[in-house]
Structures are given as structure tokens and as C-alpha cells.
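There are 2 protein chains.
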Amino acid sequence: MTLKFENAYVKDTDVIVGKLEKEGPLKHYFDKYYEDGYCGSKTWEQAESKMAFETINNLVERNKVDLLFGGDLLNQITASSFAASKVNIPFLGIYNACATSTEGILLASSLVDKKIVNNVLVNVTSHNNAAEKQFRYPVEYGGPKPNSATFTVTGSAGIVITNKKTDIKIDAATIGEVVDYGIKDAYQMGAVMAPACAKTIYNHLKALNRDLSYYDLVLSGDLGECGKRILKELMKKEYKINLKNYNDCGTMIYNIKTQSVYSGGSGPACAPLVTYTYILEEMKKKNLKKVLIVATGALLSTTTVNQHETIPAIAHAISLEAI
Amino acid sequence: MTLKFENAYVKDTDVIVGKLEKEGPLKHYFDKYYEDGYCGSKTWEQAESKMAFETINNLVERNKVDLLFGGDLLNQITASSFAASKVNIPFLGIYNACATSTEGILLASSLVDKKIVNNVLVNVTSHNNAAEKQFRYPVEYGGPKPNSATFTVTGSAGIVITNKKTDIKIDAATIGEVVDYGIKDAYQMGAVMAPACAKTIYNHLKALNRDLSYYDLVLSGDLGECGKRILKELMKKEYKINLKNYNDCGTMIYNIKTQSVYSGGSGPACAPLVTYTYILEEMKKKNLKKVLIVATGALLSTTTVNQHETIPAIAHAISLEAI
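Residue numbers (the working numbering), protein chains in the order written: chain A, 1 to 323; chain B, 1 to 323.
FYI, nobody ran anything at the bench for these hints, they're computed from the structure.
Here the structure is a predicted model, which means the values were calculated and not measured.
Note that the Cβ used here is the ideal one computed from N, Cα and C, for glycine as well.
Wrong hints could be hidden among the right ones.
As the list claims (entries may be wrong) - Covered stretches of chain A (in silico footprint by chain B; criterion: 3 or more residues with CB under 8 Å from a CB of chain B, positions within the stretch not fixed):
hint, segment
1, 73-82
2, 225-234
3, 270-278
4, 294-302
As the list claims (entries may be wrong) - The following residues of chain A were derived to be distant from chain B, with all beta-carbon distances above 10 Å:
hint, residue
5, Tyr29
6, Ser85
7, Lys114
8, Gly176
9, Tyr239
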């Protein structure tokens, strides 16, 4: 399903990252970061919630905010809930794994576009150590992983969507369907999510009767190096689309060759950390005019993986336009 | 925040329950039920997902559905995601614990009201054994609990919201803020959620300039016997409102005196199982004309409880009107 917006704009963004992200290629875009993974807290979970609160609070201090959408990878999205408990703003929790950011943006854009509310904050977070501990093993174990694995980014990313005109318009959104290719290996997230990503890109272009050349850049959320190759192949094979002017946020936030991040970054914060900084700056400079962001999510839990279930995936696309 | 709707109606509902719910006071309203908690599946989690799929599929077969909102208590809402993977409908995952049903209804109503989409399905589930295993101990352990504990209902509840007029109008909704009273005891969910419930009821009445007498019935989601008493006391003490024509879905779905359910039912499916059956039937018969449903959610995880964090809570209200 594709929605077109007339009055949805990016008003403000705020991001904070961890040490490894600050050492990556986008270091100059990340002013705020924590050297220490605990962020001065006692647990990884508190650290994630603290980062969530900080970006939310910074945006609330700079903007009028009517409503907050929040989500993260922690069980029962507690990083977002605890952050929301510290601000007096109506809160709606959302979860589509690493596609949560675009889920929130498309809901926020729908609401502000029709003036149901005027200013909506969407905040997502992820924390490498908290995610590793919950989904795999505590990092202290030092368990080896295959190179196809992805690396959950540490950071929080918030965006305020408004119906008053700014220089970045949210032009359209495509809501994804859940796609299950039958893959059961949680170390193959690129392969798990690429089919959902391909389907959403195809549906988006078809619904708006657009050619891929309409966009200066198509960005997937966190497919990593492996997933990028699979996506390109799938687009060509299944949809006869030659994917160019394309990149993946998971391969942009880290230096894949020198930082030990396997196939690339992942996590709900991955796509928005790249989008809200480097991409929006390039759009404001008019180096990029039309960008399609396709955040991708793997809908698994430790329980489903341990029970040998398949891993379904989803992808939601947001079309941004510099005006 | 309170939203008023002009064109949001209940088109169809579908529910399925477990054995204990079928043996409760609302037995005549529950046509479909599973005698066996596994629902013919191999795991509790598969059973929950199967129930989710069944109500979703029944509604999709009877109605045109443009978009699906789904949520449940399982880590990473996998019951809903797996069910969604079996239907080709755009999917948005939501999570506000046991307030997820009203979160979905208010989002669906906002979207259909402004004709962004025309028919939206909101489905929520919970499963007693899956929830006990995940949040506490496998039920086979037979660990004792205090009488203030609540009992997660087993069932799935779906509703289709449309903008074409039917006999049940969704009149308004109030989006709750997260309220944290500092309680850390996960066996006191009534006490945890009552403050959020009270605040949402107060904000709702104030925003619409309504008196409590406007409603024939106010229903909280799953406060249980203990939470009901606390809510009444809080409403009187903090907001000078004498709560009457009031009941709690958690105390209606079971016979608290004869069924071993402690303080009453809970879980995302609790409020909608009561609302979509008994309440809507009474409204259709015009025995009830105006009803306020306030589903309540406790925003905890096993991690936050084990780390001795407080338990924040939230409540979202939906005003229904028989026309």
C-alpha cells in the first residue's frame, strides 16, 4: 500500500551514537556520542533507554511535540517505554524490528498530513551489547560469527514530522507486507530481508508509476554487504529492475574493511542514523534531491529461532524530497 | 491527546478463545474455542500465532482489508508477525502491552476517518501458557502467586474499522501518556496500571468537556479486582470523580469466585474479547448506547523486572456509540 502526502515535512532530527559509530565514516555527522557503552548507566538496557530519552528530550526542548512514536529491539520495547515515561507526551509503541523507523515516519506523516495532529516525534534506538545479550550471547563470550552476520548499531535517532513546510518533504510511503522466504539462519539477515525490501521497492515504483531513475538514491536499511548483493540479484531476476544509484545504510555507517562489523550495521537505529545526518545534509545542499529510504526488519525472536521457525521480514519505504 | 472521529465505524469482529474463557460467564458469546491449549500446534507460541491467523483470516475472508495492525505479548510480537506472514496485507506492528487493542483502534480510526485507507484490521492476541513461560515460570512448575496477580487470557481478537456507516460508531479516542508510580512488583499489575487508567479517563472527559454520566458504561481493560478498587479510589482522590457505571474486562471474562484466576484476566486480548462480543451485542440491542473502553498496559519485560526497575504503565481510551 502506497500513501502520497501533501503536507508532511521533516522539521528536526536528533541523534546520538556509540564509540564505534563515532569512529566510522560518518564521524563528522555525529556530534553527540558515548565513549563508554554503558553511557554512565548500570546496565546496557538502561544505557539504551538513556540514549532514547536524550534524543527525545532534545527534540521536545527544541520543538512543539504532540505525539511520540517509539520502538526498539529490547523485549517489549522497554528502552522506548522507559524514555517515554520521562516526558509527558502521548505515546504509541511500534515494532517492526529494524523497519520501525520508517513505520513510525509513515504513521506520523499520515497523521500530520491530514492535520489530525501537527507535530509528531518518531524515535528509535538500538544498542549493540543489549541486543547481543538478548538475541545471541553476551559479547564477553567472544563467540565467533560468520561474515554474513550483521552488527547492531548503538545509537538513538529521533525525527519530528510536521505539516508546516520545511526544506525536506515527505513525499510518499509504501507500507510493506510480511515476506517469508523460509530462511532459518539468524546469521543471514541480509538474505532474510532482501526479498521484503525488493517487494516494497517494486510495489512503491508501481503504485506511483515511477521509474527507478526518479530517485537520485535508493537506500536500504541494514541489508549489509551480503544483503546488498542479494537485493540487486532479486530486483533483476524477479522484477526486471536494474538497481543503480543504490546503497545500504548498514554498509555506510561503518568502514566494513577496517571495523570488525562483519557484513555491516543493523538495528532500528541504523537507517535513521545515516538518513537523519549524512543524507539530509546532502539533500539540504541539493546534492541529492529525491531519496527513497527502505528500512528493513527481520521479525524473529530468540524463541522462534530456537524453535527452528523461519524468519519473516518486512520493509517500509519513505520517499523524501528536497524542496 | 484526544481525537474526535466523524467517519470511523466498527464493521466486523472475530474472536477465538481457550478453554477457561469458554467456561467463563461470557461462554455464550464465544463460538470458537480450543479445548487444548496447544490448539493442535507443537508449541504455545505456535498456538498463539495460529489463533491470531484464524481471526485475521476470518475477517479477511469476510471483508475487504487494506491494512493490518497487530500486536501481542510475545517478545518481538512474533505471534502477530507470523500470522501476518500468512496473509498478503500491509502490516504494521504495534505494542503497548495490554493497551495494544485500543492503540490499534485509535490509529485505524484516524486513518479511515480521513480516508487515508478505507478498511483497517486490528488484531491482538495473548496466550496464558506462552505468557507465563516467557514472563514468569512454565505453568508446569505450579508456583504459587498472590491474589493480586492477574491471569493472562488465551485468545485472539480482531476488529475491522471502516469509514462506511455501521451501527457502532467510533466517536473519539484519547492517547495515553506513560505513567510511572514507582511500583516494582509484577504481581501488582492493577496497582501499576490504575494511575495511567485514571489519568486517561480524566484527560478524555476534560478534552471533550464531558461528565462521567455521558457514558452508560466505562470499562477498564485488565485491572482486575484489586486494580478496580484502586482506580475508584484514585479517581475520587486525585480527580474528584466518583466512578460509577464502571466495570473491568478482567473481572468480566472469568468468574473470579469459582475460576482460579486470582484478581482477574489480563493480556492484550482481555479487553477486546469482552468488548467485541458482550459489549457490542448489548450496544446493538441498545441496552448500552455510549461506552468508554480504556485498555491498560504495563510496560515491563522480564529484564526490567529482574533489574529491579519500576513498571511504567499506559492506557488508551476509545469512545464507542451505538447509532
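Outcome of the hint check:
Coverage of the segment 73-82 of chain A by chain B holds [criterion: at least 3 residues with CB-CB distance below 8 Å; count 8]. A count of 0 residues in the segment 225-234 of chain A with a Cβ less than 8 Å from any Cβ of chain B is obtained; the coverage claim is therefore unmet, three being the minimum. Evaluation of the coverage hint for the segment 270-278 of chain A: breached, as 0 residues show C-beta separations to chain B shorter than 8 Å, against a requirement of three. Note: the segment 294-302 of chain A has 4 residues with beta-carbon separation from chain B under 8 Å; the three-residue rule is met and the coverage holds.
With a least beta-carbon separation of about 29 Å from chain B, Tyr29(A) lies farther than 10 Å from that chain, consistent with its non-interface assignment. Taking the minimum C-beta to C-beta distance to chain B, about 4 Å, the non-interface status of Ser85(A) is violated against the 10 Å cut. With 10 Å as the threshold on Cβ separation, the claim that Lys114(A) sits away from chain B is violated: the shortest Cβ distance comes to roughly 4 Å. Listed as a non-interface residue, Gly176(A) fails to keep its Cβ farther than 10 Å from every Cβ of chain B; the least gap is roughly 6 Å.
No beta-carbon of chain B comes within 10 Å of the beta-carbon of Tyr239(A); the shortest separation is about 16 Å.
Hints 2, 3, 6, 7, 8, counting from the list given before, are not met by this structure.
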